[in-house]
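Peer 1: Sequence:
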Amino acid sequence: MGRIIKVERNDAMRLLPAARLFAHEANLPGRFNADNFISTIVSLFDSGILFCYGIDGEDGVDGGIGGITHQDLTSGDKVAMELFWFMKPEVRGSRDAIRLFDAYEQEAKARGCRRVMMVTICGLGDERISELYKRRGYTEFERHFIKDL
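Take the sequence shown: its letters are residues 1 to 149, numbered as in the numbering used here.
By construction, these hints were calculated from the structure, which means they are not laboratory data. Careful: at least some of the hints might be erroneous.
Pairs of lysine-lysine, DSS-like flavour, derived with a Cα cap of 30 Å [stated by the list, open to error]:
| # | residue 1 | residue 2 |
| --- | --- | --- |
| 1 | 88 | 6 |
| 2 | 6 | 134 |
| 3 | 78 | 109 |
Pairwise CB distance ranges, derived in the manner of DEER restraints [as the list claims (entries may be wrong)]:
| # | residue 1 | residue 2 | range |
| --- | --- | --- | --- |
| 4 | 48 | 13 | 15 to 23 Å |
| 5 | 29 | 56 | 16 to 24 Å |
| 6 | 78 | 142 | 17 to 25 Å |
| 7 | 43 | 137 | 27 to 35 Å |
| 8 | 127 | 58 | 27 to 35 Å |
| 9 | 34 | 114 | 15 to 23 Å |
| 10 | 38 | 134 | 31 to 39 Å |
| 11 | 58 | 26 | 19 to 27 Å |
| 12 | 21 | 68 | 16 to 24 Å |
| 13 | 34 | 77 | 30 to 38 Å |
| 14 | 59 | 1 | 15 to 23 Å |
Virtual Cβ for every residue (Gly too), placed ideally from N, Cα, C.
Please construct the entire structure, taking both the sequences and the accompanying hints into account.
Peer 2: In structure tokens, the structure reads:
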């Protein structure tokens, strides 16, 4: 069983191997830009709105989850919005993945968030993750569409 760690600003580079692997596997739009990934993560940490947890691994983290806190545009409630949740294939669906998700939800609550917003990438275990979210009390609310220009 992996150790769940709170990822801090100085640990941002530890996210890189799993993030790169996930971006490739998920076929995310655009080319993965490691410098941009790290500078954005560091900037969000510096702003105080990012929180992140990982599963300690040999070459970084074997999985990571991070989100930002912000005020909801319409209600004014404080919410946590997932920015990423990536897992190396060998730890997907494991107890460690659930423990990572638990840490994320607990941190959102500790930060005073009234709700948590999560996403799933179509075609990448989306049915399995949707079922997990439903079991945890989440309801489907919005779908995102993307177009390259």
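Peer 1: All the hints need checking, so say for each whether the structure fits it.
Peer 2: Hint-by-hint comparison with the structure:
1. Note on residue 88 and residue 6: the hinted pairing holds, with a Cα-Cα distance of about 18 Å set against a maximum of 30 Å.
2. Restraint check: the Cα-Cα separation between residue 6 and residue 134 comes to about 26 Å, which is no more than 30 Å; the hinted pair holds.
3. A distance of roughly 10 Å separates the Cα atoms of residue 78 and residue 109; the hinted pair therefore holds under the 30 Å criterion.
4. At roughly 20 Å, the beta-carbon separation of residue 48 and residue 13 lies within the given 15 to 23 Å, and the hint holds.
5. Take residue 29 and residue 56: their Cβ atoms lie about 30 Å apart, and the range 16 to 24 Å is violated.
6. A beta carbon spacing of about 18 Å between residue 78 and residue 142 agrees with the range 17 to 25 Å that was offered as a hint.
7. About 32 Å separates the C-beta atoms of residue 43 and residue 137, a value consistent with the hinted range of 27 to 35 Å.
8. Distance hint check: the CB atoms of residue 127 and residue 58 are about 31 Å apart, consistent with the given range 27 to 35 Å.
9. For residue 34 paired with residue 114, a C-beta distance near 34 Å fails the hint of 15 to 23 Å.
10. A beta carbon spacing of about 34 Å between residue 38 and residue 134 agrees with the range 31 to 39 Å that was offered as a hint.
11. Take residue 58 and residue 26: their Cβ atoms lie about 23 Å apart, and the range 19 to 27 Å holds.
12. At roughly 23 Å, the beta carbons of residue 21 and residue 68 sit within the given window of 16 to 24 Å.
13. Distance hint check for residue 34 and residue 77: the Cβ-Cβ separation is about 34 Å, which falls inside the suggested range of 30 to 38 Å.
14. Roughly 18 Å separates the CB atoms of residue 59 and residue 1, a value that falls within the hinted 15 to 23 Å.
The earlier numbered hints that this structure contradicts are 5 and 9.
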